[in-house]
Amino acid sequence: MSLVASSSRHISGQRPLLQRLAMASEPYLYVAPALILIVAVMLVPLVLGLSYAFRDVRLLNPFSGGFVGLDHFRVLASDVAFARALKNTLLWAGASVSLQFTFGLILALLLDRPFRGRAIAQALVFLPWAVPSFLSGLNWAWMFNPVVGPLPHWAFALGLTSAPTNLLSDPTMAMWGPIIANVWWGIPFFAITLLAALQAIPRDLYEAASIDGANAVQRFLSITLPFLAPTIAITVLLRTVWIANFADLIIVMTNGGPADRTQIVASYIFTQAFRRLDFGYASAIAVVLLVLLMTYSLLIVLLRQSLLRRA
Amino acid sequence: MASIDIVGIRKAYGALQILHGIDLTIRDGEFIVLVGPSGCGKSTLLRMIAGLEDISAGEIRIDGRRVNDLPPRDRDIAMVFQSYALYPHMTVAENMSYSLRLRKTGREKIAAAIDGAASILGLNTLMERRPKALSGGQRQRVAMGRAIVRAPKAFLFDEPLSNLDARLREQMRGEIKKLHHSLSATSVYVTHDQIEAMTLADRIVALNGGVVQQVGTPLDLYDRPANLFVAGFIGSPAMNMIEGRYRSDRVSAWVELAEGLILPLHKTLQRAGIDEEEAADVEDGAAVTIGIRPEHIFLDPGVGGFEATVELIEPTGLGTILHLRLGGVSFKAFSLERSDAAIGDRLSVSLPPERLHAFDAADGVRLI
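The listed protein sequences correspond, in order, to chains A and B.
The opening residue of the first sequence carries number 168 in the working numbering; numbering runs sequentially from there.
The opening residue of the second sequence carries number -14 in the working numbering; numbering runs sequentially from there.
Treat the hints as calculated values from the structure; they're not laboratory data.
Careful, some of the hints might be misleading.
Claimed, not checked - In silico negatives: residues of chain A with every beta carbon more than 12 Å from chain B:
1) A244
2) F270
3) S377
4) I378
5) N382
6) I390
7) L466
To be verified - Distance windows between CB atoms, simulated:
8) G(-1)/B to I467/A: 27 to 37 Å
9) R152/B to I467/A: 38 to 48 Å
10) R280/A to D205/B: 36 to 46 Å
11) N53/B to R280/A: 47 to 57 Å
12) I368/A to R152/B: 31 to 41 Å
13) G6/B to S473/A: 31 to 41 Å
Keep in mind the model is a prediction, meaning the values are calculated, not measured.
Positions of the beta carbon are idealized from the N, C-alpha and C atoms, including for glycine.
Based on the sequences and whatever the hints tell you, model everything.
Listed below in structure tokens is the structure:
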């Protein structure tokens, strides 16, 4: 590179200006397509979106659009609805991811050993992933509905509830409706990725461990888990970010209700932007969510790096 | 240390029979090598002793105790895998101490055990490394170290040297033999390499197609192979096999090779302790395969030799392999002498009768 640069400088004295310009811009022209693509597709929308957070953008107010500095964030700091949405997001993402992961891991472990009809079982396990989120949201909403769905009656018959009521209209329990739907819908993701990781573990390690005297639990803890750890870290990261941003099921099943009890930050953004049409405030919330998720991602990536270094 | 009894062991995967009834008694402290071509069932047999494969029929006893239904962890055996199967996320020390930690052995005892094993195997400076930072030979040593720290009842080796280069293989072979001398542990060693089998074994078990072909000391198998398979498998370069017809009259026995070549069998019969009278059991005119090892063919015997044509010369450094043709028969001769013969030369060779092996041409069983 430096050789080329020095030789071009050497002869630059004799070349016309246009040619020298072309030569100087040559490396930039090579990277231009990639740069233009990144700027157009990623940076411009991002910067526009970020800029809304510092402007007063309300669709119903034709005089809005002015710069308001950190005003949105000051309002946000004392917004009780936002604080509750933040808490709900923790429950929503935490419960959904941990349950999806637990059941996904169990399924992956079951599917990892050979049995008759394994191919069919695998296909069935992966089925929920193919169902559109809106459809599964509607489906579950109906299942929780005592008029058309069986679940309230089953819960009542088992003595879990005192009457066949709709879970989604109970302010203390409503959050669990979308969580259950989300767990059902998201298990396949963990099952697929963990199964792939499981199948990459050399079999003879298990044989060596069983000869060394390890029982099934010890083999799981000393071989399976260390091998899965990097995959677990990356899938949990992806799913947490995705689920924290994932409002489809909540919008379809409860629309944030009853009384904002199922409002998560993502659905709160949706409500602010498309119900109240306050794009500025919605953008400010989105920026806060972005910063939180980026911090979280950074921590997970660091964790994963340390796991990979050990392995 | 323990003895291992294998009684009528069979293994089948569905309709596919892998082992057809193996009987073998391994004595306490003995080094047994299971040898055979790939697919002969030797690894399967080893894995059945370890408890990694179910036993379809028969019984395995370790120290007199039936272990058919015991899981590997309760059999108190150690195994060295072909791939070494080291735990990649553990250091060398952790790999070696894993079995002891599972048995809740005391910290000091563990330290003493792995220190002992490490100094036997020369691993002391590598104890904090992970397997990926080790060379093939070092990994192999760690796998051995993992086996010896526990002082198990028996060691099982599943082609432990086949992933090493030739020089390292030779070196490790020596170390395994030394290790066996100092520990005198019951060992079962699987290999397809007949040199490993010959050099390591107290007794060799030659397997083919899931059937034991011969059990004996390395020199037994070399000197008196029980059948054509063992004859061809043991020894390098391989034994020459020549089709012929057994002839005898009341006075002597001989073999007619192709094109009227005649090999007298007189001394062969004497060596085998067979009276020429008894040898008449072999029907006059029976089809036989005559075997003779390349290193037993005399070159330039002077009188009484056959005239053979040199077809190819392979110098090995140690000696020379000559590819010869005699009448319609091709065979090899190995000589420690450096040969100055050239291709096309005619050499006088003799096939000493006492070095001849005769096998039934139909079923390959040794006749003489």
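Checking the smallest CB distance to chain B, is I390/A really beyond 12 Å? At roughly 7 Å from the nearest Cβ of chain B, I390/A sits no farther out than 12 Å, so the non-interface label is violated.
Outcome for the supplied range 38 to 48 Å, where the beta carbon pair is R152/B and I467/A: Roughly 47 Å apart at Cβ, these two residues keep to the hinted range, so it holds.
12 Å cut-off, C-beta based - S377/A kept clear of every residue in chain B: violated (5 Å)
Cβ distance range 36 to 46 Å for R280/A and D205/B, holds or violated: Once the Cβ atoms are compared, 44 Å apart, the range 36 to 46 Å for D205/B and R280/A holds.
Taking C-beta pairs only, is N382/A more than 12 Å away from all of chain B? violated (7 Å)
Verdict for G6/B, S473/A (Cβ pair) under range 31 to 41 Å: Violated: the Cβ-Cβ distance is about 54 Å, outside 31 to 41 Å.
Mind verifying the non-interface call on L466/A? Its CB should be farther than 12 Å from each CB in chain B. Nearest chain B Cβ is 22 Å from L466/A, so the label holds.
Non-interface label on F270/A, tested against every C-beta of chain B at 12 Å: Given that every Cβ of chain B is farther than 12 Å from that of F270/A, nearest at about 26 Å, it holds.
Does the Cβ pair I368/A, R152/B satisfy 31 to 41 Å? holds (32 Å)
Could you check that no beta carbon of chain B comes within 12 Å of the beta carbon of I378/A? About 5 Å separates I378/A from the closest Cβ of chain B, which leaves it inside 12 Å; violated.
Whether the CB-CB distance between G(-1)/B and I467/A falls inside 27 to 37 Å: Violated: the Cβ-Cβ distance is about 46 Å, outside 27 to 37 Å.
Range agreement (Cβ of R280/A with Cβ of N53/B, hint 47 to 57 Å): Since N53/B and R280/A have Cβ atoms about 22 Å apart, the given range 47 to 57 Å is violated.
Comparing the model with each earlier hint shows violations of hints 3, 4, 5, 6, 8, 11, 13; every other hint is respected.
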